[in-house]
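Chains as they are written, first to last, in UniProt numbering: chain A, 1 to 341; chain B, 1 to 308.
Don't take every hint at face value.
Using 20 Å as the maximum straight-line C-alpha spacing, the simulated SDA-like pairs for lysine to any residue come out as follows [as the list claims (entries may be wrong)]:
1) A:181 - A:232
2) A:44 - B:53
3) B:113 - A:322
4) A:218 - A:195
5) B:20 - A:218
6) B:20 - A:121
7) A:88 - B:261
8) A:218 - A:173
9) A:49 - B:282
10) B:20 - A:118
11) B:20 - A:124
12) A:88 - B:105
13) A:88 - B:113
14) A:322 - B:152
15) B:249 - A:174
16) A:146 - B:253
17) B:249 - A:171
18) A:173 - B:168
19) A:44 - B:4
20) B:31 - A:32
21) B:113 - A:122
22) A:173 - A:200
23) B:249 - A:124
24) A:49 - B:105
25) B:249 - A:162
26) A:218 - A:177
27) A:173 - B:7
28) A:49 - A:4
29) B:20 - A:128
30) B:31 - A:124
31) A:173 - B:253
32) A:173 - A:162
33) B:113 - A:78
34) A:322 - B:282
35) A:322 - A:284
Computed footprint of chain B on chain A; a stretch qualifies when at least three of its residues, placed anywhere within it, have a C-beta under 8 Å from a C-beta of chain B [as the list claims (entries may be wrong)]:
36) 85-93
37) 163-169
Hints in this document: simulated from the structure, not taken from any laboratory.
Beta carbons are placed, not taken as given, at the ideal position from N, Cα and C, and that holds for glycine.
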Amino acid sequence: MERTERILDLVALLLDAREPISWAELREHFPSDYGGSDDAAERKFERDKAELVELGFPLTYVQGDDERRDGYIVDRDAYYLPEADLTKEELAVLYAAGSAALASGAFPGRDDLAHALRKIGFFAGESLPTPRVRMELGAVQEGEEKEVSARLEQLWDACAARKWVDLTYASPKHPTATQRKVDPYGLALRRGVWTLVGHCHLRGGMRTFHVHRIREMKVNTARPRTPDFQVPEDFSLDAHVAYFPWQHRFHEPMEVTLRLSGALASRAGSLLPGAMLESAGEEGVVRARMRVSFLDGLVRFCLALGPDCRVEGPESAQARHKEMATRIVERHEEPHEKVSA
Amino acid sequence: MSNVHERLRRLLFLVPYVSKHPGVTVEALAKALNISREDLLEELDLLTCVGRPPFNPDDYIDIYVDNDRVYVDLDQRLFAPPRLTPGEAAALAAAAELLRPAAGDALQSALQKLERVLPPSTRERYREMYRKIDASADAPQALGPLTRAIIERLEVTFAYATPGRAPESRRVRPYELLSHRGQWYLQGFDHMRQDARLFRLDRMEDITVTDTAFLPPPDARADVPNPARSRTETSVRVRFSPVAAPYVKERFGRDARPLADGGVEVVVAGDSERWLTQWVLSFGGEAQVVEPASARAAVARAARASVG
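Please model the complete structure; the sequences and the hints are all you need to start from.
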């Protein structure tokens, strides 16, 4: 009997049983599957049991007493999905977001997500909302989607099981790819880019990796049910993944002050989330103080905002702003012939 | 995950689904399970062999196809799907976070209800796994009313601020919301232009959902904005230094032409001087407009203004 069929038979048997089913009875019921030596049969059943538990099947072994015999039993109430009584709006949110994540082609736990959507839609009948939200991930080129999707799925499994991964990483900052062993703590999505956060054994500390830059990856297959590492209790993905360019942890953090005027003044809060804002003492001018761990990232952002955004201090930041702007002027004032030289 | 695991999950859902929807067509069932018709028929064949000891005729699942419709007479207690596993609930909760800023109370209550349908023994595992995906994207508040308008097929009005121009009042039939590289867009039929248009959500103000209903076309699908693929009369050639080249290659793929010095060149649509200037400036000197001269001058002007 093939394994899928045997496990479904076990489900049917255990869901129907009113009394615990002993190992001896199971062997009687499935003589060709659990035949052979005791050891081999037990190993086979252990693997089936592990699969049942993975499926969410609430299987337990009860020790017998005067009134009940030893054996396996299942809590039926814990098995069946109860109706979640989601309102129309709640179902719409879950469906719109879940379907968009699936359609993006790359979401960790893609298979889990697809099953979850089916299950929560089970009681909805014909009233399932039609999702009209789409997500296109950035930094993933045509033809690369499948690879990124497969990596995310592997990483999701490794994160869930807490198994280390061995990866080949191609950072644009380095000419050659590096080989690293990483304990994957979690995955974060920022501006359409998936980032792996974990403990890098090569660097001996926390590091982030863009998933689309992982060239090759293997998950540790030794002792699959035993975790390789613990994630610290206070770990937070958000603390490690940059949302804005100046948040990349390239340098020691420094405080930078910006001056925003004109149309930018009223948008300062949304342009620079987390910055401390105050009036600069002039009508319609706002001063923003912020901690910056990648100065060039902030300066480039400021340049793109235009002359209504100026760097006030410290001097080193002002100088960098001026240096970059001057370089741009020089490069665009050169005669055309020199450009292509 | 193994193929056996995936198949088991599918089969444990299939029987309850047919029990709940007797006479579902083979096509609709295959679509619900996201498998081909052939694979579905194979799964149905397998299920007819599933039962419980002592395997008398009444102990087997009785599921069959009649006139291209699927029925189940004996479900062997598989009348409802299994509860969500911690992984399934965690993946769904993390995906729902994508719309957090726009979903308001509905998201919070949906997540609470989701947790309640988990077996109590697995809730801690679910919370642990949920912390492992952070997809709390930058979805704007405007997603809320726009999602509602799309689902209820109602026209919307808003003030749209095109850079360099005064905000214009628009009336639009909303078809689809699109997030691309963290930027949100609405695609819909614009009454003013009498054509389908893409609007950036961060440029919309005063969104109102009207009472005017409409029927969306079945195939409305927004094109992903890509300045390197836009067809405009004015194209701009931009070169990037070897330092910036790897990042530009990631963004533009085969649209980035390699140069002898290790840099790359990209030709982009030049119909928005403001966008182009901002974009070139954001490379802090690692990008250079080659032509046309007007675009070069615009970038030089903007950089000079920043120096003060």
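Evaluated hints:
Between residue 181 of chain A and residue 232 of chain A, the direct Cα distance comes to roughly 18 Å. Compliance with the 20 Å bound is thereby established for this hinted pair. The hinted pair formed by residue 44 of chain A and residue 53 of chain B meets the criterion: a straight-line CA distance of about 19 Å does not exceed 20 Å. For the given pair, residue 113 of chain B sits about 54 Å from residue 322 of chain A by alpha-carbon distance, which is inconsistent with the 20 Å threshold. For the proposed pair residue 218 of chain A and residue 195 of chain A, the alpha carbon gap of about 17 Å is at most 20 Å, so the pair holds.
The hinted pair formed by residue 20 of chain B and residue 218 of chain A fails the criterion: a straight-line CA distance of about 42 Å is larger than 20 Å. Of the pairs offered as hints, the one joining residue 20 of chain B and residue 121 of chain A holds, with about 12 Å between alpha carbons and a cut-off of 20 Å not exceeded. Simply put, residue 88 of chain A and residue 261 of chain B have alpha-carbon atoms about 58 Å apart, too far for the 20 Å limit, and the pair is violated. For the suggested pair residue 218 of chain A and residue 173 of chain A, the alpha carbons sit about 23 Å apart, so the restraint of at most 20 Å is broken.
The straight-line distance between the Cα atoms of residue 49 of chain A and residue 282 of chain B is roughly 56 Å, outside the 20 Å bound, and the hint therefore fails. Proximity of residue 20 of chain B to residue 118 of chain A is assessed by CA-CA distance (about 13 Å); at most 20 Å being required, the pair is judged to hold. Our distance criterion of 20 Å between C-alpha atoms is met by residue 20 of chain B and residue 124 of chain A, whose separation comes to about 11 Å. In summary, the hint linking residue 88 of chain A to residue 105 of chain B is supported, as the alpha carbons are separated by about 13 Å, within the 20 Å threshold.
Taking the CA atoms of residue 88 of chain A and residue 113 of chain B, the gap is near 13 Å; set against the 20 Å cutoff, the hint holds. In summary, the hint linking residue 322 of chain A to residue 152 of chain B is not supported, as the alpha carbons are separated by about 52 Å, beyond the 20 Å threshold. Distance restraint check for residue 249 of chain B and residue 174 of chain A: the Cα-Cα separation of roughly 15 Å lies within the 20 Å cut-off, and the hinted pair is therefore satisfied. Between residue 146 of chain A and residue 253 of chain B the CA atoms are separated by roughly 16 Å; this keeps the pair inside 20 Å, and the hint holds.
Our distance criterion of 20 Å between C-alpha atoms is met by residue 249 of chain B and residue 171 of chain A, whose separation comes to about 13 Å. Proximity of residue 173 of chain A to residue 168 of chain B is assessed by CA-CA distance (about 44 Å); at most 20 Å being required, the pair is judged violated. For the given pair, residue 44 of chain A sits about 15 Å from residue 4 of chain B by alpha-carbon distance, which is consistent with the 20 Å threshold. Only pairs whose Cα atoms come within 20 Å are accepted, and residue 31 of chain B paired with residue 32 of chain A is rejected, the gap being roughly 36 Å.
Our distance criterion of 20 Å between C-alpha atoms is met by residue 113 of chain B and residue 122 of chain A, whose separation comes to about 15 Å. The straight-line distance between the Cα atoms of residue 173 of chain A and residue 200 of chain A is roughly 17 Å, inside the 20 Å bound, and the hint therefore holds. Of the pairs offered as hints, the one joining residue 249 of chain B and residue 124 of chain A is violated, with about 45 Å between alpha carbons and a cut-off of 20 Å exceeded. Restraint check for residue 49 of chain A and residue 105 of chain B: not satisfied, since their Cα atoms lie roughly 40 Å apart, outside the 20 Å limit.
Taken as a hint, the residue 249 of chain B and residue 162 of chain A pair is broken in the structure, with Cα atoms around 33 Å apart against an allowance of 20 Å. Proximity of residue 218 of chain A to residue 177 of chain A is assessed by CA-CA distance (about 16 Å); at most 20 Å being required, the pair is judged to hold. Between the alpha carbons of residue 173 of chain A and residue 7 of chain B the distance comes to roughly 43 Å, so the proposed pair goes past 20 Å and is violated. The suggested pairing of residue 49 of chain A with residue 4 of chain A holds, with an alpha-carbon distance near 13 Å, which does not exceed 20 Å.
Between the alpha carbons of residue 20 of chain B and residue 128 of chain A the distance comes to roughly 15 Å, so the proposed pair stays at or under 20 Å and holds. The hinted pair formed by residue 31 of chain B and residue 124 of chain A meets the criterion: a straight-line CA distance of about 16 Å does not exceed 20 Å. Proximity of residue 173 of chain A to residue 253 of chain B is assessed by CA-CA distance (about 18 Å); at most 20 Å being required, the pair is judged to hold. A hinted pair counts as satisfied when its Cα atoms are at most 20 Å apart, and residue 173 of chain A with residue 162 of chain A does not qualify at roughly 29 Å.
Restraint check: the Cα-Cα separation between residue 113 of chain B and residue 78 of chain A comes to about 16 Å, which is no more than 20 Å; the hinted pair holds. Taking the CA atoms of residue 322 of chain A and residue 282 of chain B, the gap is about 14 Å. The hint holds against a cut of 20 Å. For the hint pairing residue 322 of chain A with residue 284 of chain A, the CA-to-CA distance comes to about 24 Å; that exceeds 20 Å, so the pair is violated. Coverage of a stretch by a chain is defined here by at least three residues with a beta carbon nearer than 8 Å to that chain's beta carbons; for the segment 85-93 of chain A and chain B the count is 8, and the condition holds.
Figure legend: the segment 163-169 of chain A, annotated as covered by chain B; annotation inconsistent (0 residues with Cβ-Cβ distances under 8 Å, at least 3 required).
In summary, the structure is inconsistent with hints 3, 5, 7, 8, 9, 14, 18, 20, 23, 24, 25, 27, 32, 35, 37 from the numbered list given earlier, while agreeing with the others.
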